[in-house]
Amino acid sequence: MVSRARRSRLSEWWWTIDKPLLAAALLLLTCGLLLSLSASPSVTSRLKIDDTFYFVKRHAVFLIPTIIVLIGASFLTLRQVRRAALILLAGSVLVLLLLPVIGYSAKGATRWLAVGPLLLQPSEFLKPAFVVICAWLFAQSAPGSRLAHTLLCTALFGLCVTLLIIQPDFGQTVLIGVVWVALFFMAGMPWLLFTVLVGLGILGVGLAYLTIPHVTDRIDRFITGSGDNFQVDRGVEAITHGSWLGRGPGEGLVKYGLPDSHTDFIFSVAAEEYGIVAGMLIVAIFAFIVLRGLWHGLKEHDRFVQLSVSGLVLMFGLQALINICVNLRLVPAKGMTLPFLSYGGSSMLAIALGMGFVLALSRKRADSYRRRPGKADARIGPLSSVPAAA
Amino acid sequence: MMSWLLTPVRRLLRPKGLQIVQGPQGDAQTRDRIILVMIGVVAVFSIIQLRLVYLANVDGSRGTIRQQGDLGLTAARPRILDRNGEVLALDIEVQSLFAEPRLIDNPDETYEALVTVLPDLDFDTTMRRLRSDLGFAWIKREITPRQQADILALGLPGIDFRPETKRHYPAGNAASHVLGHTNIDNRGIAGFEKHLDDTWLRELHASGFQIGSDLQPVQLALDLRVQHFVRKALAAAMERYRAIAAAGVVLDAHTGEIVAMSSLPDYNPNDPVDALKPDRLNRMSAGVYEMGSTFKTFTTAMALDSGKVDLRSKFDARKPIIIGRRPINDFHGKKRILSVPEVFIYSSNIGTAKMTEAVGIPAQQEFLTRIGLLSKMEGLELPEIATPQQPREWRKVHSITISFGHGVSTTPLQTAVAAAALVNGGKLIPPTLQPRGRSEADALAKQVMQRETSDIMRYLMRLNVLKGSGRRAEVPGFLVGGKTGTAEKVVNGRYSNEKRFNAFLAAFPVTDPRYVVLVILDEPKPEEGQRYATAGLNTAPVVGEIIERAAPLLGVEPDFRVRDTAILSSYRR
Chain A
1 MVSRARRSRL SEWWWTIDKP LLAAALLLLT CGLLLSLSAS PSVTSRLKID DTFYFVKRHA
61 VFLIPTIIVL IGASFLTLRQ VRRAALILLA GSVLVLLLLP VIGYSAKGAT RWLAVGPLLL
121 QPSEFLKPAF VVICAWLFAQ SAPGSRLAHT LLCTALFGLC VTLLIIQPDF GQTVLIGVVW
181 VALFFMAGMP WLLFTVLVGL GILGVGLAYL TIPHVTDRID RFITGSGDNF QVDRGVEAIT
241 HGSWLGRGPG EGLVKYGLPD SHTDFIFSVA AEEYGIVAGM LIVAIFAFIV LRGLWHGLKE
301 HDRFVQLSVS GLVLMFGLQA LINICVNLRL VPAKGMTLPF LSYGGSSMLA IALGMGFVLA
361 LSRKRADSYR RRPGKADARI GPLSSVPAAA
Chain B
1 MMSWLLTPVR RLLRPKGLQI VQGPQGDAQT RDRIILVMIG VVAVFSIIQL RLVYLANVDG
61 SRGTIRQQGD LGLTAARPRI LDRNGEVLAL DIEVQSLFAE PRLIDNPDET YEALVTVLPD
121 LDFDTTMRRL RSDLGFAWIK REITPRQQAD ILALGLPGID FRPETKRHYP AGNAASHVLG
181 HTNIDNRGIA GFEKHLDDTW LRELHASGFQ IGSDLQPVQL ALDLRVQHFV RKALAAAMER
241 YRAIAAAGVV LDAHTGEIVA MSSLPDYNPN DPVDALKPDR LNRMSAGVYE MGSTFKTFTT
301 AMALDSGKVD LRSKFDARKP IIIGRRPIND FHGKKRILSV PEVFIYSSNI GTAKMTEAVG
361 IPAQQEFLTR IGLLSKMEGL ELPEIATPQQ PREWRKVHSI TISFGHGVST TPLQTAVAAA
421 ALVNGGKLIP PTLQPRGRSE ADALAKQVMQ RETSDIMRYL MRLNVLKGSG RRAEVPGFLV
481 GGKTGTAEKV VNGRYSNEKR FNAFLAAFPV TDPRYVVLVI LDEPKPEEGQ RYATAGLNTA
541 PVVGEIIERA APLLGVEPDF RVRDTAILSS YRR
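Protein sequences appear in the order of chains A and B.
At position 188 of the first sequence (counting the first as 1) the number is 188 in this note's numbering, and the numbers step up by one without a gap.
At position 486 of the second sequence (counting the first as 1) the number is 486 in this note's numbering, and the numbers step up by one without a gap.
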């Protein structure tokens, strides 16, 4: 197989990649395919598609580019990751800017771009690129450069948030906002500013609630429990119906009442058919990926790697968290997919890209083995192990 | 002065305030921060796991179906028997079709399959129910075993049956107004059925005893055979005289038991679609009418009971009484001075009015109230009871018209009850649908007139059948006594010459009356080849027919020994 003796790109990749993390990602993708078998019949019956396993087949087809992107991205070096992210960010922002003109509207929002038969959601690709670039900017905010990088990063954040809000995509905005604050926090944000920002965040949510009807409606329904809470109630009903061990594959009943069972409510479908034990296992896998990523952040010495890995896994985990919380009726409904499990081409590709970046960034490098700098070698000073792209 | 607020802000805005610490201190800080983030992540994921554990312990067995279904579960009711133990009403088990809409994947398909078996299934209602998010929805109540088998054969998911009790009335229309009927949930909504619910059954059901079928049967005083005769005789008369309605009652004169009571048109309590049509009311207890000349019976009794008039009193009936614009005249005018029996058998309005004058208005009002004609009947086991109407202020004109049965509206049933008091020795006994013994009745009875008055009234009523307008009610051997009444109906505030309300009030046998029979016909038309449609021509023969058939069944023995010559020779004294 791959030998340590004969060095090749493949063997190097094999010996430096974080295998548990890769395994967890592939395990989730496999679970996604398995769950599409459960979710597809209910969706096809609702949409009056004759082929019961229509969505299984499409899911399987999407898996091929997804895995290619995942593995492919994990081969990248740090510099390549940064470049890829920069290009992707520029491209996504451009497309997002043009979206009101060229976009495709559905469900009260203009989020999609029709590329041939595919509907791409540019905001999905924006997210990993945004995190990587922000991490880089924070890492580069060296003493000499004053505020330039931090301010640039803030400006970028403002731009992205604006682009998402005009869609409107409240869920993604919250996601990006929280990840950006977390990145800033990990990069060493002063506590005072942190408090102010958290306050601003709460204020922003409050403002959105008061001014954007779509958001007001969702939150009102969640708080009062009245009105059309149909999907969310059904989600919880599916989970309780499954109980500990589930109804068995294909035996779910409540899933037929869940319109988005293959996307937003795949977790409920999983719990109904395979039991809450399976649900807990899925949550555990997500927790593992996040903690594993953060552990890399803890171990690494390169600031850029620390921040970008932490940021990417946090975003991954946060997206899963929001989706599962909606399924469990812990937060109001919002359209957010469950990473790697939900059906959906662009979301799957974008998540794979983000996870591929994580795998690439967390690969063992020569400088990863540096001793942790103690008080004794404080004089060595900052080490920016990788030359800046600029 | 604001420095406590401004200082931190200023510090924040200083270039260094936003500066991120770099270098080894920065690395260490970042690690600390990452650890904090990890703690947060662990906490949040733990909350999710706990929530899952909580949800696992929620009962998710979709138990809502049972809960919602129980609301519609129908209640057991006692059997209702007639006085001879014949079953008048009983519960039978039928299957009802329901759906569990949330289990139904394709409502359109389900509807299309069901409609092949149940063609009258309403599209909009059914589809709304099938498409809903309910755990339980009725599709069709009370279907036949054949339909059930066909639906089972369709093998539809989310479609099921539940047994229900349905009330069945083996006698059909025969006693519809007495028994009333139940709604689809087996709750009594009319007649004696509603009375059962109002008095005790509803409370029993509310306390949860819905299912047990060991309820003690309830017996009625009704005799199903007599009920049939009455209804058949009424139906025949209604057709023969083209009346819009007919009604009759057979009342036990000594106990107040209603042995038969019918009001036509009626409805089938097994399928009470017609029950709410306005012409289907129970005219016996829920309709009020100006009873017309039958009221003269009460006026005469009042006059005799007051002591101011006796059989020998004479009244001048030569000239009409003029009150206001309308002269009071006699229909069978004799234009001479009449004795009390003559006033009665010729049904003289003038004579009756003069008799009332002798008694006075307050005494008249008091007497009619005493015999229960002016107040709402109480104690009868029916919810459908009307309140009599009388003038707010009794003037002379009212007094005169009321004496011969106009100006006061009362229910036929309470007229029969009052008549029972006229012939049973003066005891006013509240009517009942349930069996009652004589001693029990006597305990309830109220003496409303002297015995002697009652005796004279029997004589007068018999005389009227032998010699007066009631001849067609005679049944040999059963000694019928009675009084006709042909009232003009009020149409648009005026008395009409065309529309009549006819009644015949009878008791038999007059020697010791056992039963009171009252028959009414609403708007009878003259028979083919006849000029008149008076009560003597149409209601009297109906009463005769009822008595002829019912009397033997009721255990009244015919007596052919009584000679009526004594009665006949006495009245012209």
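Treat the hints with care, since some could be wrong.
Unchecked claim - So these bits of chain A aren't anywhere near chain B, every CB distance computed over 12 angstroms:
| id | residue |
| --- | --- |
| 1 | W15 |
| 2 | I17 |
| 3 | I64 |
| 4 | L86 |
| 5 | V95 |
| 6 | V215 |
| 7 | R234 |
| 8 | G248 |
| 9 | G275 |
| 10 | A287 |
| 11 | H296 |
| 12 | Q306 |
| 13 | G317 |
| 14 | N327 |
As the list claims (entries may be wrong) - For each label pair, taking beta carbons as the anchor points, the in silico distance ranges come out as:
| id | chain 1 | residue 1 | chain 2 | residue 2 | range |
| --- | --- | --- | --- | --- | --- |
| 15 | A | F75 | B | D133 | 47 to 57 angstroms |
| 16 | B | D133 | A | Q80 | 26 to 36 angstroms |
| 17 | B | I47 | A | F75 | 45 to 55 angstroms |
| 18 | B | P170 | A | W244 | 25 to 35 angstroms |
| 19 | A | L26 | B | D133 | 35 to 45 angstroms |
| 20 | B | S46 | A | L193 | 56 to 66 angstroms |
| 21 | A | L27 | B | I47 | 22 to 32 angstroms |
What the hints contain is simulated information worked out from the structure, not anything from laboratory work.
Here the structure is a predicted model, which means the values were calculated and not measured.
For every residue, glycine included, the Cβ atom is placed at its ideal position computed from N, Cα and C.
Evaluated hints:
Here W15 of chain A stays apart from chain B, with its beta-carbon at least about 26 angstroms from theirs, past the 12 angstroms limit. Distance check on I17 of chain A: its Cβ is at least 21 angstroms (rounded) from any Cβ of chain B, clearing the 12 angstroms threshold; non-interface status holds. Annotated as non-interface, I64 of chain A keeps its C-beta farther than 12 angstroms from every C-beta of chain B; the closest such distance is 31 angstroms. Listed as outside the interface, L86 of chain A is consistent with that label: its C-beta sits roughly 21 angstroms from the nearest C-beta of chain B, beyond the 12 angstroms cut-off.
With 12 angstroms as the threshold on Cβ separation, the claim that V95 of chain A sits away from chain B holds: the shortest Cβ distance comes to roughly 31 angstroms. Every beta carbon of chain B lies more than 12 angstroms from that of V215 of chain A, the smallest distance being close to 22 angstroms; the non-interface claim holds. Distance to chain B contradicts R234 of chain A as a non-interface residue, since its nearest Cβ pair spans about 9 angstroms, not more than 12 angstroms. The Cβ of G248 of chain A sits about 15 angstroms from the closest Cβ of chain B, beyond the 12 angstroms cut-off, so the non-interface label holds.
In this structure G275 of chain A is not separated from chain B by more than 12 angstroms, as the shortest Cβ-Cβ distance comes to only about 8 angstroms. Annotated as non-interface, A287 of chain A brings its C-beta within 12 angstroms of a C-beta of chain B; the closest such distance is 4 angstroms. At roughly 10 angstroms, the least C-beta separation between H296 of chain A and chain B is not larger than 12 angstroms, which violates its mark as non-interface. Interface exclusion of Q306 of chain A from chain B breaks down, the closest Cβ pair being 6 angstroms apart, not more than 12 angstroms.
The beta carbon of G317 of chain A sits about 6 angstroms from the closest Cβ of chain B, which is not more than 12 angstroms, so the claim that it is off the interface is violated. Interface exclusion of N327 of chain A from chain B breaks down, the closest Cβ pair being 10 angstroms apart, not more than 12 angstroms. Checked against the hint of 47 to 57 angstroms, the pair F75 of chain A and D133 of chain B passes, with Cβ atoms roughly 50 angstroms apart. For the pair D133 of chain B and Q80 of chain A, the supplied restraint of 26 to 36 angstroms is violated, since their beta-carbon distance comes to about 52 angstroms.
Look at I47 of chain B against F75 of chain A: about 37 angstroms separates their beta carbons, and that is not inside 45 to 55 angstroms. Checked against the hint of 25 to 35 angstroms, the pair P170 of chain B and W244 of chain A fails, with Cβ atoms roughly 55 angstroms apart. Taking the beta carbon of each, L26 of chain A and D133 of chain B are about 38 angstroms apart, inside 35 to 45 angstroms as hinted. About 28 angstroms separates the C-beta atoms of S46 of chain B and L193 of chain A, a value inconsistent with the hinted range of 56 to 66 angstroms.
A beta carbon spacing of about 23 angstroms between L27 of chain A and I47 of chain B agrees with the range 22 to 32 angstroms that was offered as a hint.
Violated hints for the displayed structure, listed by number in ascending order: 7, 9, 10, 11, 12, 13, 14, 16, 17, 18 and 20.
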